[in-house]
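Engineer: Given next are the chains, with one letter for each unit.
Protein chains: 2
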Amino acid sequence: MHLFFTPDISADFYQLSEEESKHCVRVLRLVKSDIVFLIDGKGGLYKTEIIDDHPKRCILKVLEKRSEYGKRPFKLHVAIAPTKNMDRLEWFLEKITEIGVDEITPLICQRSERRELKIDRLQKIIVAAMKQSLKAYQPVLNEPLEFRKLINSASESQKLIAHCLETDRKSLSQEYRRGENVLILIGPEGDFSPEEIEAALKSDFKAVTLGNSRLRTETAGVVACAQLNFMNE
Amino acid sequence: MHLFFTPDISADFYQLSEEESKHCVRVLRLVKSDIVFLIDGKGGLYKTEIIDDHPKRCILKVLEKRSEYGKRPFKLHVAIAPTKNMDRLEWFLEKITEIGVDEITPLICQRSERRELKIDRLQKIIVAAMKQSLKAYQPVLNEPLEFRKLINSASESQKLIAHCLETDRKSLSQEYRRGENVLILIGPEGDFSPEEIEAALKSDFKAVTLGNSRLRTETAGVVACAQLNFMNE
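For the record, the sequence lines run as chains X and F.
For the first sequence, this note's numbering gives the first residue as 1, with consecutive numbering after it.
For the second sequence, this note's numbering gives the first residue as 234, with consecutive numbering after it.
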């Protein structure tokens, strides 16, 4: 199955970009009447046929469109402190895109070791993971945001903070209500500071634990995403 | 917290290897009366004190021992087809060690792209993840095994095969019984062959799905591990 990401598709015909045309015709060696699938990042999955296999201006005709393809029953927003090691953050983005996420916010915390990100590069990783895992919805990747700004602006019906302090925390199965939109905060190496946790609780966040294991930041993010999707199956 | 992996610890005193002594004394700059923790890979967590900070023969005295540290209520055995890309397999091993697993078997399937593994290198990754996530039990990493041999020798009370064919499959929450020892099979890129799936079902394996997302092999392994641990919380 050959899949292209075409967020700008609007009509029943679509011309691939020069780069994608080259990939389609020269690399994949597809020819006229071959079938190609498109995703628009907004839930649309298109089955198309090549009607002109031009190596620079490949033209596709839409045969069939499916809307809300793979739509999930809840909205998942993960706010996570970027890891010092970029590979770990990139791996995290690839994995939660595969598993299923709607919005990601890099969170700048007191103990964050990284505050700058190349959002463009991270977007490419998300799109590659979307294509690989056949996701018609593109997760929104926000610009990095300060912890206080996020907890003050959060609008999800359920707001959770996963931390490791030995305080009163419930598991996701005890705290999260299936089907509800949720924002979960994942802290940096070294965890959130006590002040951050207190501020979140004052802003109606609930403290949760992801289990008894001591998880790396990116692992905690993936486990939270897996558990919340699992609870909504 | 300084942690060393010492599978051979037996008495109340322990001499670190030359390499570990160097790391402890020269790199970490620990000195006499400093506290060091040891894990033995069999559930033992030891709190020890340095009584001789010799850079080549550092001697530790056990102050306190905890047995069955972090013991989980079920045994989890994941048999997974090694990915073509070794980074993905190594990443998988690191993550499931963090999340919690007891036994891992590299599975050689009809469609496996990789049949050879450097087990020693993979063992090092598991030990590093154990230390990072404070796991006192060392997951057992088996030598690669042919699919047919595994399904014929499996002894776990619950045997599951996660595949992507559109056949009758239940979710883990429907199929897995909390608290029971379980073996779950994760296929290669391109999935198990229909013959392999049929053979597994004939050997009393139950077919399961990990959700609606199309997951890479290593992602499926991590998601299965996360879901099964979550169900046993």
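These aren't lab readings, by the way, just hints derived from the structure by calculation.
Owing to the predicted nature of the structure, the values given are computational and were not obtained by experimental measurement.
Be aware that one or more of the hints could be misleading.
To be verified - If we take Cβ atoms under 7 Å as the criterion, some of the chain X residues that face chain F in the derived model are: (1) Lys32; (2) Ser33; (3) Ile35; (4) Lys95; (5) Glu98; (6) Gly100; (7) Thr167; (8) Gln174; (9) Gly211; (10) Ser213; (11) Phe230.
Claimed, not checked - Computed beta-carbon distance windows for the label pairs: (12) F:Met234 <-> X:Asp120: 48 to 58 Å; (13) F:Asp285 <-> X:Lys170: 41 to 51 Å; (14) X:Lys170 <-> F:Gln356: 55 to 65 Å.
Yeah, the Cβ is synthetic: ideal placement off N, Cα and C, and Gly gets one too.
Engineer: Take the hints in turn and mark each one as holding or not.
Structural biologist: Results of checking the hints against the structure:
About 28 Å separates the beta-carbon of Lys32 of chain X from the nearest beta-carbon of chain F, more than 7 Å, and the hint is not met. Look at Ser33 of chain X: its Cβ only gets to about 26 Å from chain F, farther than 7 Å, so that hint breaks. Annotation: Ile35 of chain X was flagged as interfacial toward chain F, and the flag is violated, the nearest CB pair being 18 Å apart, outside 7 Å. Restraint check, Lys95 of chain X versus chain F: the minimum CB separation of about 6 Å is within 7 Å; hint holds.
Among the interface hints, the one on Glu98 of chain X holds; its C-beta lies about 5 Å from the nearest C-beta in chain F, closer than the 7 Å criterion. This hint holds: Gly100 of chain X has a C-beta 5 Å from the nearest C-beta of chain F, less than the 7 Å allowed. Given the 7 Å rule on beta carbons, the hint for Thr167 of chain X is violated: about 18 Å separates it from the nearest Cβ of chain F. With its C-beta approaching chain F no nearer than about 9 Å, Gln174 of chain X sits outside the 7 Å limit, and its interface hint is violated.
About 6 Å separates the beta-carbon of Gly211 of chain X from the nearest beta-carbon of chain F, less than 7 Å, and the hint is met. Against a cut-off of 7 Å between C-beta atoms, the interface hint on Ser213 of chain X holds, since the closest Cβ of chain F lies about 5 Å away. With a least beta-carbon distance of about 5 Å to chain F, the hint placing Phe230 of chain X at the interface is held under the 7 Å criterion. Taking the beta carbon of each, Met234 of chain F and Asp120 of chain X are about 38 Å apart, not inside 48 to 58 Å as hinted.
Checking the proposed 41 to 51 Å range against Asp285 of chain F and Lys170 of chain X shows it holds: the Cβ atoms sit about 46 Å from each other. Against the hinted window of 55 to 65 Å, the Cβ-Cβ separation of Lys170 of chain X and Gln356 of chain F comes to about 36 Å, which falls outside the hint.
The structure does not agree with the numbered hints 1, 2, 3, 7, 8, 12, 14 stated previously, though it agrees with the rest.
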